[in-house]
Amino acid sequence: MTTRRLNSGGLIDRSKPISFWFDGKTYEGFEGDTLASALLANGVSIVGRSFKYHRPRGVWSAWVDEPNAIMNIRLNGKEQPNCLATTTYIEEGMAARSVNAFPTAKYDIKGGLDLFHRFLGAGFYYKTFIWPDWHLFEPAIRKMAGLGAVDREVLEDFQSAQNHAKCDVLVVGGGAAGLTAARAAAEAGKDVVLVDDQRVLGGSLYRCGATADIDPDEWVAAQKTAIENAGGRILTHTTAYGVYDHGLVALVQSQGFGRAPALWRMRAGQVIMATGALDRPITFAKNDLPGTMSLNAAGEYLARYGVMAANKPLVMRNNSHASATIENLRAAGSKVEEIDHVDGITNQGRKHTTGLRIGKDQIDADGVLVSGGLTPLVHLWRHAGGKLDWCETRQAFVPKPATDAMIAIGAANGTYDLAQAIEEAEAAGKGTPIDRPSTTYTTTLIDTKPHSKGRQWIDFQHDVTLKDIEVAARENYVSVEHLKRYTTLGMAFDQGKTSNMAGLTAMAALRGKPIPQVGTTTFRPPFVPVPLEIYHGAKTKQLWSPVKRLPLEDKHRDLDAAFCEYGGWLRPGWYGSGDRDATIQKEAKAARDTAGIFDGSTLGKIEVMGPDAEAFLNFVYYNTIKSLKPGGIRYGFMLTEGGIVYDDGVVTRVDQNRFIVSCSSSHVDGVRTHLEAWRQDGNDPDRIFVHDQTTAWATVTVTGPKARDVLSSLDTTIDLAPDAFPHMTFREGTMGAIPLRIARVSFSGDLSYEVSVPTGHAETLWNAITAAGKEQGVSPIGLEAMSILRAEKGFIIIGKDTDGETMPHDLGFTIPRAKKKAAFIGDRSLHTEKANADDRKVLVGLSVPDGEPPLATGAHAFTETPTRRSLGYVTSSYQSPNVGPIALAIIEAPHAKVGDTIKIWHKEEVREVTICDPCRFDSEGGRLHA
Amino acid sequence: MQIFTCPFCGPRDEREFHFIAEAGKTRPDTLNQISDEDWAAYLHSHRNEKGHVREIWMHTTCGELFLLERDSVTMEVLGSTALREAGQ
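Chains as they are written, first to last, in this note's numbering: chain A, 1 to 930; chain B, 1 to 88.
This is chain A alone, in the form it adopts within the complex (with noise of 0.2 Å):
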């Protein structure tokens, strides 16, 4: 039953319908259709109820700016809401659910809620529900909130395409001016991009264009030629929604209903702004009735889809620009019968408009259209900065005049005439812009009567009236940025789009001030909604945050480890399928009792080269690196300027000028920023030089009594003898034709060997190390075991027992920040105040009693006098196969003396330890130094 629905005219394939649902109930609709023009074709009335009131909502406009008509929409099993009928093109079996309505729009049980108006005023859960706690009501209303529901399906395959692009001149809009500009700019020379949102481009061309002697099909035919042949690119369906620094440009391109949108970042280098303009409505009582339309949006309904919007409608208007589309629809056949805006003008019906009443006289009709004036487009001008003027010729805010970066044209700049707008387009376009045409455009202001009789609406569908409006200027709510926030004016789906200016209107009046000085709401990106998988694309897991991977993975994966990632890397946490804990045990025993093999790979490897190499290193580090003789290595921290501990770790003379600094495995790139920063920044780059070569060598340690027992079978040139090779000392080999590099230093705390290869032998070397250790009955181990015997040691991990505030005198470091001569960084923040506090929280270990198990990582000591307040945390804890239970600490110095007892709290429950030195293993280093 197609009632409205004309027999020619309008983009729609007539020979293509199509079927599609609508609350419950099928319809048909053609090819080039959207939901509200195919529903309103169907003679459909009511497609939502309103956010508060539950008000029946009609379709108010044929685009972006419509406030009613949103919907939930499910085909092929997928389901989205808040979608807009009338953006979204039908397709065939398409099922679309009003909201805020059940069961349907047209038969709401929530109706009733309308005859409690009077008490759900502006401010009404401001007011009501402060007492006793606003947090009790609050479920109950965030349940009844809401426009459509999210459906809990995952979308599957919706992912946006990320598409990075750059253009000499970007044209938003491709109406008549936009078009003409992005011709006049391709035919120069330019590259240009033209984006418009809709379906087929011309804009209001075919609403407008038939007055001023142009055939809209040809003509715009023709311009996209010119621009294509010119090598302009088009993009349709696209929506530029947001300007940002440096001419970046936000475009998001529909893919289809249930399709990720695609995502643009365009550079422009000029944005040409062709977005039009909005047709206001007009502030009257009972003016949310459906029926109700926009007169422009009649008029596109007519021009585009070939739907008459009402067959005897009424029109009030209050501007020149409404004649052409007003005799486009009685050139189709409509009988309209003009009225003019007076006092107490009424609308009438319960459902749908039955037309107006004025005092007692009533003027039957099908539909009441309205056209409140234009109101230049101009949220993307106002996202890059663009300042507006008042124009009181106009009655709206314009763009104040152009920028080399962005310039307005055509109805977006206030240029309504046709002719007007292509002559002012086409002088933007060739890069020559002409000044603001005056105008024929005429209107004049309706003026808001505030204390009205009836209800008269302002924004349709967050239910503000001009009452609200009036609640909150006699409250003082007149800032329009307050006004907004306390009414919820703007801030429904479209964000006021239609009902900013009305607003606006009604504050200026109410406080009998010109527009201009109550001012407008900050526009932000986006212009429309886009759903967040926009930014999101295919940077998702591992290529949102890519995990770095061993070179020796795939050896690892034959024995069966359990992967882990630490600090960025995926490294083995244990090896085989069996019980984790009991696993990581066995490894921390054996490899005290005999040896582990362990990878290292991930130690940092940078290396600093050069005459001013030593200086350098010197200055970098807490440490005296000075002393440090060629073959030997030292351990220390850098510190920030701070004084707080960054880094610790290694640092390996290789030679006279050039070191290797071993860093901690997740802070690689942080330490060669900070070397790279100081090395150009305050030194002389040319006599220092900072290279990362972490990845460029894979390291194998091997841990424990029967370390050097293990390496002796390989086949190197590098003596392994005590003497020959002591703690902390590093020398270079070759194993066979592969260079070697072994550094014999300890994180564990027993004999131990960190051999490097380049990262291309790392399988030969893991395959002769862990064959030679089979030999010995030693297995590889992973990072688990590793951290318990460190742990049993004392060592610290940097960011886990340390934290913004601990200076190496905390962890016991105290000789170089009482003796060391040269300058370093953070030295002096290590003599304030606050560095020589009393009370500063120190490196401690802590035992528990005989028979009790570990503590919990992150519980806090506490004192509970005189009050009840944290002394510190624990920071490492682990039960260990060697010593028993074992946890590191930082706790305030005044209550860490070993053998003093402190409470420590974790989950209610209070437990009773013992502080102890760090160390719990080995306390002399005899088997640091075997």
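Note that these hints are calculated values from the structure, not bench results.
Calculated pairs, DSS-like style, for lysine-lysine (alpha carbon to alpha carbon, straight line, at most 27 Å): (1) 589/A - 774/A; (2) 400/A - 50/B; (3) 820/A - 25/B; (4) 387/A - 50/B.
Partial chain A-side listing against chain B, Cβ under 10 Å, derived: (5) 244; (6) 246; (7) 248; (8) 641; (9) 642; (10) 669; (11) 672; (12) 673; (13) 681; (14) 686; (15) 822; (16) 824; (17) 827; (18) 829; (19) 831; (20) 833.
All residues carry an ideal CB built from backbone N, CA and C; glycine is no exception.
Dock chain B against chain A, hints included.
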């Protein structure tokens, strides 16, 4: 998203850059006596000027530090100079 120009690599997206410091700040010679106030000013006080600013940035992909001049109000980039040429 802004575009900065690395003196060595050319114009790039701001995500490739890392702010290091305001230009012109010299580290006090810590071998001399420095008052708490002077040290605190070095550590924590920034001019944070409105308008024309001179800053040291690192182009993280090539590792070079350079002097970036820009307008902190309009976000206009006024120029990039290699540190050696800037005589910093």
